[in-house]
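Protein chains in written order, with UniProt numbering: chain G, 1 to 262; chain V, 1 to 303.
Simulated from the structure, these hints should not be mistaken for lab results.
Worth double-checking, as some hints may not be accurate.
[Said to hold, decoys possible] With beta-carbon atoms standing in for the labels, derived distance ranges:
| no. | chain 1 | residue 1 | chain 2 | residue 2 | range |
| --- | --- | --- | --- | --- | --- |
| 1 | V | 287 | G | 127 | 42 to 50 Å |
| 2 | V | 159 | G | 73 | 55 to 63 Å |
| 3 | G | 54 | V | 118 | 36 to 44 Å |
[What the hints assert, rightly or not] Beyond 10 Å from chain V on every Cβ pair, some chain G residues (computed):
| no. | residue |
| --- | --- |
| 4 | 49 |
| 5 | 50 |
| 6 | 87 |
| 7 | 113 |
| 8 | 120 |
| 9 | 127 |
[To be verified] Simulated coverage check for chain G against chain V, where a stretch passes if three residues somewhere in it have a Cβ under 8 Å from a Cβ of chain V:
| no. | region |
| --- | --- |
| 10 | 88–100 |
| 11 | 134–144 |
If you're wondering where the values come from, they're calculated on a predicted model, not measured in any experiment.
Where a beta carbon is used, it is the ideal one built from N, C-alpha and C, also for glycine.
What follows is the residue order along each chain.
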Amino acid sequence: MLSARNLEVVYDDVVLALRGVSLEVPEGKIVALLGSNGAGKTTLLRALTGLLGIHEGAVTKGGVDLDGKPLHRTSPEKIVKNGVRQVLEGRRVFVELSIEENLKVGAHTARPQMADNLERVYGLFPVLAERRGKVAGYLSGGEQQMLAIGRAMMSDPRYLLLDEPTLGLAPLMVEAIRDVILEINRTGTSVLLVEQNATMALSVADHGYVMETGRVVMDKPAAALLRDDDVREFYLGLHPGEDGRKSFRDTKHYRRKKRWSA
Amino acid sequence: MTDFLEVLLRGLGVGSVYALLALGFVIIYKATGVISFAQPALMLTGAVVTSYVAPAIGFMLFTGLTFFVSLGAAALITAVIALIVERLAIRPMIGRPAFVVAIITIGLDIAIRVVASGFIGLGARPIPNPWGLQRTELLGLRVQERHLVSMLALAVIVAALVWFYRYTRYGLAMRAAAFDQEAALTQGVSVGSVFAMSWAMAGALAAIAGTLLATSAGVDRQLWIVALVALPAIILGGLDSLEGAVIGGLAVGVVESMVGSYQRDLAPWLGNNFAGVSPYVLMLLVLLAKPYGIFGTPEVRRV
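Please model the entire structure based on the sequences and the hints provided.
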């Protein structure tokens, strides 16, 4: 189990980004984390993988636990060795390196198993296998996302944290990424999926969290979130009215309701 | 024609040493985004170490082997010194503006040089080597043996570097970290050890270059000035390009040797010793035409 408890994160000693966030990623599950821009989703991921330091951020209260052992004072490379890996938002492949070299960098901490993992990743993404010698920068956006996920799978992580993997991708590509997430989960890797595409995220997840301005405001099984009126309205764009139109009074209602009591 | 080719070979020989020095600069720049001005001091240190190690082990081995063993020892010791310097003075500065770190390396250069000079004394310390200033015949051309050794050393080292960056775990990690540090961190690459490794490699290269340079006239306190010629070389080739460093170094060596041989007859009005200035004139011309160097990336990012 990977968990954050009462996590408080401050950037530059002044900006309070997370105010007491608790979240659990149980072994073998897919957990979705929803929230609008600036809610603190990426900050939470950084806290989980030790990347706060290079962004001048620090955990000021609470902490991160992996199987009950504290993780938040550990260096990023140790966290990777412990089996927690993050795929950064915006893919961030090494565009000047070839596809195979990208994957080999991904295997930095798991060099002895590299050949097996390489086979597995190429099996997961046949399109990468076809073009393994090509420079990564020439791949399409979706293929780069596949490379980024494949690169993370090269150390056979126990927990995979995906930050907006479908950002800016075509609907067909979103489908493909969704299938890959399910497949990865099926082979035993727990997934924490940060998404703005709530429909996709909740369709694969077992459990879901909704964050707003640095707090978790909802914490329910994914099926319950899909039925929740507020989630349907704010994240899935489904309106309860018969004709789908709203009056100004309802808009004000929206503003008022946006402040969920945590 | 024979004369011309001999001058060319001499230039390539001297240029090989410049290329080794330039490679050290580029390796550090690529990994950390900072030009390390401590390279001249590390070069001097390497040569001094060789000048002490070689006589110490010379009694048991014959000259050729002594030279190469002491060269290896010097490269190793200088790499360790560079590692210590990086750990103490550079690592705490991660995240600070690049120019701050560059200024620190100037200070380091002066400090290390003073210490290294203390081991030299007043005169020059000889470096025992099997060839001295001897010449040999190569395809009808007369060429100094030490220049051939320099060229050979450069070829071996470039091949080793290509292998390292392309196929080894840490070579790939260094390329990845040079490109995107945060993404490299998420792959489990320790950026700190990448920094350390780049300094160690640059230190070893500087030691080899310094030793090769000092085979002709020995190690004296002014040896480090030669390392500054690596600056025109890296600016010519581009700060972030390894092949640029090699080509830049060789080009600077050839230009210097050509000017040294022909300027007196062709342009006597430039005065004596214009050869020493020529690399810098070349650097100015290249900067005017291609500000990022011939092989450099136009948009040089700060890491």
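Item to check | Distance restraint hint 36 to 44 Å, applied to the beta-carbon atoms of residue 54/G and residue 118/V | outcome: holds (40 Å)
Checklist entry - Non-interface claim for residue 87/G: all C-beta distances to chain V beyond 10 Å? => result violated (7 Å)
Item to check | Status of the given 55 to 63 Å range, CB of residue 73/G versus CB of residue 159/V | outcome: Since the Cβ atoms of residue 159/V and residue 73/G sit about 43 Å apart, the hinted range of 55 to 63 Å is violated.
Checklist entry - For residue 127/G, which was marked as not at the interface, is the minimum beta-carbon distance to chain V over 10 Å? => result holds (21 Å)
Item to check | Beyond 10 Å from each Cβ of chain V, as asserted for residue 49/G | outcome: violated (7 Å)
Checklist entry - Is 42 to 50 Å a correct range for the gap between the Cβ atoms of residue 287/V and residue 127/G? => result holds (44 Å)
Checklist entry - Okay, the region 88–100 of chain G and chain V, do three or more residues pass the C-beta test at under 8 Å? => result holds (count 7)
Checklist entry - Per the stated criterion, does the least C-beta distance between residue 113/G and chain V lie above 10 Å, as a non-interface residue requires? => result Residue 113/G clear of chain V: closest Cβ-Cβ about 13 Å, beyond 10 Å.
Checklist entry - Far enough from chain V: is every CB of that chain over 10 Å from the CB of residue 50/G? => result violated (8 Å)
Item to check | Annotated coverage of the region 134–144 of chain G by chain V, confirmed only when three residues or more have a Cβ within 8 Å | outcome: n = 0 at 8 Å, threshold three: violated.
Item to check | residue 120/G remote from chain V - nearest C-beta pair above 10 Å | outcome: Correct as stated: the minimum Cβ-Cβ distance to chain V is 17 Å, above 10 Å.
Violated hints, in rising order: 2, 4, 5, 6, 11; the structure is consistent with all others.
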